[in-house]
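Asks: Letter by letter, the chains look like this.
2 protein chains.
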Amino acid sequence: MAKLRVHNFSISVDGYGAGPEQSLDNPLGVGGERLHTWAFKTRAGRQMLGQPGGEEGVDNDFWLRGDDGIGATIMGRNMFGPIRGPWGDEEWKGWWGDEPPYHHPVFVLTHNARASITMQGGTTFHFVTDGIESALERARDAAGDSDVRIGGGVGTIQQYLRSGLIDDMHVAIVPILLGRGERLFDHLDGGLDGYDCVEFVASPTVAHARIARVKQ
Amino acid sequence: MAKLRVHNFSISVDGYGAGPEQSLDNPLGVGGERLHTWAFKTRAGRQMLGQPGGEEGVDNDFWLRGDDGIGATIMGRNMFGPIRGPWGDEEWKGWWGDEPPYHHPVFVLTHNARASITMQGGTTFHFVTDGIESALERARDAAGDSDVRIGGGVGTIQQYLRSGLIDDMHVAIVPILLGRGERLFDHLDGGLDGYDCVEFVASPTVAHARIARVKQ
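In order, the protein sequences belong to chains A and B. 3 is the number of the first residue of the first sequence in my numbering; add one for each residue after it. 3 is the number of the first residue of the second sequence in my numbering; add one for each residue after it.
Hints listed in this document are in silico derivations from the structure and should not be mistaken for laboratory results. Heads up, a few of these hints could be off.
Identical copies carry no separate label here, and so any pair may be met within one copy or between two of them.
What the hints assert, rightly or not - Once the Cα atoms are required to be at most 20 Å apart in a straight line, the calculated SDA-like pairs of lysine to any residue come out as:
hint	residue 1	residue 2
1	K95	G123
2	K43	C199
3	K43	V203
4	K95	P54
5	K217	R36
Working from the sequences, and respecting the hints, build out all of it.
Replies: Have a look at this one:
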């Protein structure tokens, strides 16, 4: 069966996947943008932003893996935007401009229904109001033989870990401290039982840990 | 002034510095012994156990730094032994046999007074009942011009971090998951404000992060 995967999810040395006080100005919370500095130094990360240059090597390889064989993405609504509660005028169409870097169907978990949005470049945002299993089912249908990726954020990954639905998860440990915010490995209630760290590779700037189910 | 340092404190990828249910059989909690596997593969770590061989390189270098310029150690009583509450018959003299690998004065934080114990090889265990500042003062006196090291465990490091007393802290991130236990970066109440990750070096098996105060 196609897999449910997490890729390039950055956490600080003290374990935070987002800083505190997420907002329009600080999508990843205060200080949280430092979590992604490494990615935008890679060739593939820069290419995603339409910028030339960038480094090849371990970090670039891991960044590229994140798109490899992925046919659909699931994300939490906080990753989609800063709006909480009802959608209001529905002007908000994500952080990523007219052509988001997904190029496949994206399923946004929310409690507030909204019509799907077709963007340029093959990305369509669908809004799922009936829970994580439903979102996964729809994403699997959309992905066909390809895998489904969970984009984030922290709360969404935790929900899927608690349900034991994630097959493979790549975490990038970044040499910064955030001190507060949303901790990735928290509220898991034994959700990591049966998983182990199956790969561990570091560049000079990031330690990449891959976590996968080792027991059924 | 001489520094207060932490060295070779191992945490899992999910952030735990000890597993759950610490006991005589599992001094580091269930599964916690895997946190230290890397150290006992190094030449210096094996030498400490009286064993030949072992690897040189990054891990060995970090292990050795832990003893460099240290004149006294502070540890929590849970690191000293599995006994909780009163000391009983006082037969317990630590996990380390007749000649502990400290070779200098060690100050054990406890609520239960006990006479000092002189061990072979220069280690003396002193029991401090009047708090972390007092322990630090006594350790500084004992260390003279040398630095003081906090050996652990998690709770003791957290207390000193909350008080802003630690100058330099080396954490070894080990590619395992523990899932539960004592998380190092927890209950800090802003204790990491003003600190940052100032060094980050990885071997194939461990990512070494050094944290230090960057603002006064």
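Asks: Classify it for me, K43 with V203: is the Cα-Cα distance of at most 20 Å met within a copy, between copies, both or neither?
Replies: both (17 Å within a copy, 18 Å between copies)
Asks: Is it within a copy, between copies, both, or neither that the alpha carbon of K95 lies no farther than 20 Å from that of G123?
Replies: Only inside one copy: K95 and G123 sit 14 Å apart there, 68 Å across copies, limit 20 Å.
Asks: Given identical chains, is K217 near R36, meaning Cα to Cα at most 20 Å, within a copy, between copies, both, or neither?
Replies: between (35 Å within a copy, 18 Å between copies)
Asks: Is it within a copy, between copies, both, or neither that the alpha carbon of K95 lies no farther than 20 Å from that of P54?
Replies: Classified as neither; 26 Å inside a copy, 62 Å across copies.
Asks: From the Cα coordinates, with 20 Å as the cut-off, is the pair K43 and C199 best called within, between, both, or neither?
Replies: between (25 Å within a copy, 19 Å between copies)
In this structure, the one hint that does not hold is number 4.
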